[in-house]
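In case you want the letters, here they are:
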Amino acid sequence: MEDNNEDRELRELFRQKLENAEVIPSASAETLLMRRLGRREFLRFNPSRFNIWYIGGIVGTGILLAILLSSGPDSTEKIKPEEPSGRTIIDKSSDSADITAEKPAIPDNVEAEKRIRDRDTAVAADIRSERETTDNSKNSTLTGRNEIIPSAGVTGTVPDKDLFRETASVKDKLQGTIQPVEELIETSATDGCAPLKVKFRNKAGSYDACRWTFGEGIYSEESDPERIFDIEGEYKVTLSVFEAGKLRSVSDVTITVHPKPKARFEISPENAVIPNDIIRFVNYSSGAVKYLWDFGDGNGSEAYEPQHAYEKFGKYNVRLVVYSEFGCSDSLVVMNAFAGSGYFINFPNAFIPNPTGPSGGNYSAKSDEAAQIFHPVHSGVAEYQLRIYSKLGLMIFESNDVNIGWDGYFKGHLSESGVYIWRVSGKFINGEPFTKMGDVTLLRN
Amino acid sequence: MMSDQQIIEGCAKHDRKAQQLLYERYSRLLLGICLRYAGDRAEAEDILQESFLKIFFNIKDYSGTGSFVGWLRKVAVNTAITHYHKNLKFRYHIEIEEYVSVETGISSFEEDFFTSDELFKVLNELPAGYRMVFNLYAIEGYKHKEIAELLGIDTNTSKSQYSRAKAAIREKLDKLGKLKSRYFGSE
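Note that the protein sequences, when read in sequence, are chains A and B. First residue of the first sequence: 1, per the working numbering; consecutive thereafter. First residue of the second sequence: 446, per the working numbering; consecutive thereafter.
These are calculated hints, taken from the structure and not from any lab test. Mixed in with the good hints there might be a few duds.
As the list claims (entries may be wrong) - Calculated cross-link-like contacts (lysine to any residue; reagent style SDA-like; alpha-carbon spacing at most 20 Å):
#, chain 1, residue 1, chain 2, residue 2
1, A, K17, B, Y529
2, A, K262, B, Y529
3, A, K436, A, F347
Small disclaimer: the values here were computed from a predicted structure and weren't measured.
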C-alpha cells in the first residue's frame, strides 16, 4: 500500500513539474532545423517553388532533346552508343586476325552465333560480310562503324536489311548488353556486401588514355583502379578508352552492392542470477534472415530469440552473427555479458576499536560512523567468509556472516595496534565468485 | 496573431511563415518533452528537429479532431522512441550505475521542493532504458503492455525497468534533498 502511495507521489511530482515544462531551444537549433527543412522542401515536389523537380525536368527535357536531335539525321558521328559496338568488333577482329591469319577467327564465330540466335538465320550472311568489312578495315584508320557495314554488306540477300539494323541498334541502346563491350572490363567482383572493394582491370591492351567513372561524379584515370563501395545500390561503372585523341570505346559493368544487416540484441533479465535464471536473448537485429548465436559457454543456437540456461557463473562473451538474404553478415559481441551487475565488496584499511569492551561485531553503516568495527561496504553478497590473521600468521578472527565484522578483540582482550592481514572469499547473488586479500591497521586511542 | 487553425492550414501548404510560427509557438513545449527522453541537451535538440520535420511533412495526418497539442506531443514522443531504437547498440557502452541500497529517506515530497531543472537532470542521468520506461509510464501515462510494444520489449521487462528507474530516481532525489535542506534548512 505504502509503495503504491509513494509511487503515485513520485509520478505526480514528475507529471506536475515536467509534463508541460517548457525549455527554450538554442538559436542554433532553429537555424539547423530551418536548413534541414529547406533541404527537404527542395526535394519535395511543389509546382510553386523552384526545386529539384524543376532541375530534373530541365535536365530530362534536355536529354530528350539531345536524343531526338542526334537520332534524327542518319549521321554516323552522332550516334554515340553505337560507336563502341562498332569499334569493339574491329578490335576483336584485328586482335584475332593478328594471331589467326589462316585459322578461322573463333571469337567472331561465337559472336556470330550469338547474333544468329538473337535475331535470324537470314542475317548470318550479313554478319560474315560485316566481319569481312571489319577485317578489311583493320589496317585502315579505324573508321569502320555499324553504319558503314550495311552499305558494304547490302548484297541483296537480306531484303529487310535496314529494318533489322534499326531494331538491333535500338535494342543495344536499351539493354546496354553489347557482348564485346563488356570484355574490356575485368572486375574482381560484380556483386557483394557493403562495403564492397572491387578491383577493376582495363583489358584494352594499347591505348593513350582511359577514364573510369563510378557514378556520383567520381572517376579515375588509372588503368586498373580499385574502389570501395560503401553504400548499397547498383553502380554503373563505365570505362572510356581514348586513342589518338579520340574516344575509341566505352564499356560498362554494373556493380551490385547489397546492404549490410545489423546485429543487435539485449540480454534479459538484466543483472541475471547465474545459474538460476534462464537467460533470454532479445533480438533487435534488422535486415537479416539467419541468426547464429554463440552463448560463450560452448553452446549456440540458430533460433531468432533463443533462451539459454548457463550451468555456472563465468566470463561469457555472447556473440550474435546475422546474415542477410544475400549472405552479408554483421555481428555483435557482448564481452563478459554477466559481469556488469555492479555488485561489489570493499574493505577499509584502518579502524579504531572501542576501548571500553568487545561489541560482538554487529554493525550497520549508521552505527559504525566511528569506524570501531572492521567491516566491508558491500552489495549483493550471498556467500561470505572473512579471516583475519596477525603478523605472525595466527588466525585471530573468522566470520561467515557479512553483517558481522571484527571489533578488534581476540579472546576478550583488545588486540595490539598494528597491521593485520585479511582474506575474504565468497559469491555474489548472481553467482559470481570473489576473493580478496589485504591489510588493515588497527589504531588505538 | 494567427490561430492554430490558420497555422495548420499554412503548414499543410508548406508555407514557410506558418512553419516558423508553429516552431515559435510550440518548440519550447516540445523541447521540454524531448529533454525528458534525452541524455542531454544536444540530443534533445536533435530529437526536437526530427520531430518538427515530421510535423511539417505529416501535418495532413492531423485529423483536425482532438487536441493539436496532443498530436504534437505524440509525434515528439514517437520520435524520441525512434531515436532511442537507433542508438540501442550503444547502450552497452554505458556504465550501469549502482542502485541497490535504497534507504527511502523521503516519504513525502513537498511541493516545489524540487525545481523542474533538477528533475530534468535526474531523468537525464538515468540509463536510457529506465528513462524511456519511466517517462512513458509515469508522465505519458501509457500502460506497461503498450510500452512493451512501443519499445519492443517484454511487459515484465517494462515493469522491472520501471521499478528500477523509480529506485534510482528516489535515491537521486534523496541525495539532492539532503543537500538542499543542508544549505537552505528547509525540511
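We went through each hint and held it up to the structure:
no., hint, result
1, K17(A) <-> Y529(B), "violated (23 Å)"
2, K262(A) <-> Y529(B), "holds (16 Å)"
3, K436(A) <-> F347(A), "holds (9 Å)"
The structure fails hint 1 only (numbered hints given earlier).
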